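Go by the hints and put chain Z onto chain B.
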Amino acid sequence: MLTKRIIPCLDCDLALPEGRVVKGIEFQRITYAGIPWELAREYDGQGADELVFLDITASHERRETMAHVIAKTASNVFIPLTVGGGIRSVEDARRLFNAGADKVSINTAALLKHELVNNVARIFGSQACVVAIDAKRRYVRTAAEVKAATEGGRELIETTDGACWFECSYYGGRKFTGVDAVLWSKEVEERGAGEILLTSMDRDGTKDGFDLALTRAVCDRVNIPVIASGGCGLPVHMKAVFEATEASAALAASIFHYKEYTIQEVKRYLLENGVHIRL
Amino acid sequence: MIAIVDYGIGNRFSIYNGLKRVYDQPLLVTLDVVASLKDAAGIIVPGVGAFDDCARSFRPFAAILIECIESGVPVLGICVGMQLLLEESEEGSETGLGLIPGSVVRLPKTVRVPHMGWNNLTIQRPTQLLAGITEHDYFYFVHSYHCVPRDAERVVASVEYGGALAAVVQRGNLYGLQFHPEKSSEKGLHILRNFAAIAQEGT
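Protein chains in written order, with the working numbering: chain B, 1 to 279; chain Z, 1001 to 1203.
For reference, chain B alone in the conformation it holds in the complex:
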């Protein structure tokens, strides 16, 4: 039986030599969890099902650094590796595949140029093409807001805090598109994406748990696997997302980087609570 996947996310700051995995910000200073390939090896040892590397600097000059990080990792970590951040073209993707990436995750460039999804899927296969979607709740309270929100074919989703739609952001969450995340999910599936990495901007960094309404809305409308992301602070949050939605995987960063829980502890907890997991 197919298991639910637990995926640590390594946010890489490539401004430092060799790159560093960002742990968090403490007293206004960025703190680091370690060197990417060393951390990757540790997480593999703990039973990570996959790893996601995100280039948070995403600048063109540092593309070679990310390829180097992936090549170093791929030589002794034998689980799937996904790379995202700053991938603008088929050539950017090819560089990472050649370094040893199994999948690339595209976000901003896909929203700017939709055909990039088709091209990556066609050339490298759907299984290698992940589209990352960063979505934020947009509540609609009045009749006028409902009318405006639904005019573009958007669907309103009921949440415990009222009806809303979900807006896609790009440029690392700095800009908004007006694009509905649920409609965009369906479109990227049609264009050949093999997986969606779905991050709730409302929950990201809060440790309040995944946005179940968002995750469910997307999972119910696409037939490709969905990775839930944003807000995981406790093992029970993973249990909740697997019970309440059809998410195939859950992604988390800080709970692993701060060593609050090991991956193995989280997986044991999930297994004891009836979630199908690979130990």
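Everything labelled a hint here was simulated from the structure, so no lab data went into it.
No false leads were mixed into what you were given.
In silico lysine to aspartate or glutamate, EDC-like type, Cα no more than 20 Å apart, as pairs:
#, chain 1, residue 1, chain 2, residue 2
1, B, Lys23, B, Asp204
2, Z, Lys1109, B, Asp220
3, B, Lys72, Z, Glu1186
4, Z, Lys1109, B, Glu190
5, B, Lys186, B, Asp220
6, B, Lys72, B, Glu38
7, B, Lys175, B, Asp202
8, B, Lys186, B, Glu115
9, B, Lys186, B, Glu246
10, Z, Lys1109, B, Glu187
11, Z, Lys1109, B, Glu246
12, B, Lys239, B, Asp204
Ranges of calculated distance between the beta carbons of each label pair, as one might list FRET restraints:
#, chain 1, residue 1, chain 2, residue 2, range
13, Z, Arg1125, B, Ala163, 53 to 59 Å
14, Z, Glu1067, B, Glu190, 41 to 47 Å
15, B, Tyr139, Z, Arg1125, 55 to 61 Å
All figures in this text were calculated on a predicted structure; none of them were measured in a lab.
We put the beta carbon where it would ideally sit given N, CA and C, even for glycine.
Showing chain Z alone in chain B's frame:
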């Protein structure tokens, strides 16, 4: 020496990295050194992406691969490299190698596609390639199509995903894995080690 056929497709480096862990001298081959396939104790056929792309790119190696198989060299096809061993695929219009009669079909509509993630095997009959592997071990699958050999006896292990699908096939010294041993952590490397042992025995 184990040859990984480098026909310009996807995951050859991952397989190389994995094999390097469990075997001393693997070799990447290219179009220029087809002859070295003949010296190989074992041959691995990688493959990811679209069936037609793989089938077209592999064509220059087909004749020599068949010759090697007939002379008893163990051959292992991985993922689309396994699917190439069959006759045809619903995914495309190119023909496969036809070494295992049957076809490659789309996964059922009742499940999410691709089948992506870690799944366990139901072992139909013992085979050296799976020595030391149990039904509690998990392997990394990622595919949208699956092999349906005409002769069900060819399926030595299956995987449950919308039905029992072929996960490992065998016909004599010819093996195919639908999952990625090079991405399946320790258990996956264990299978690569088994294949290396099979290859060494024949030399």
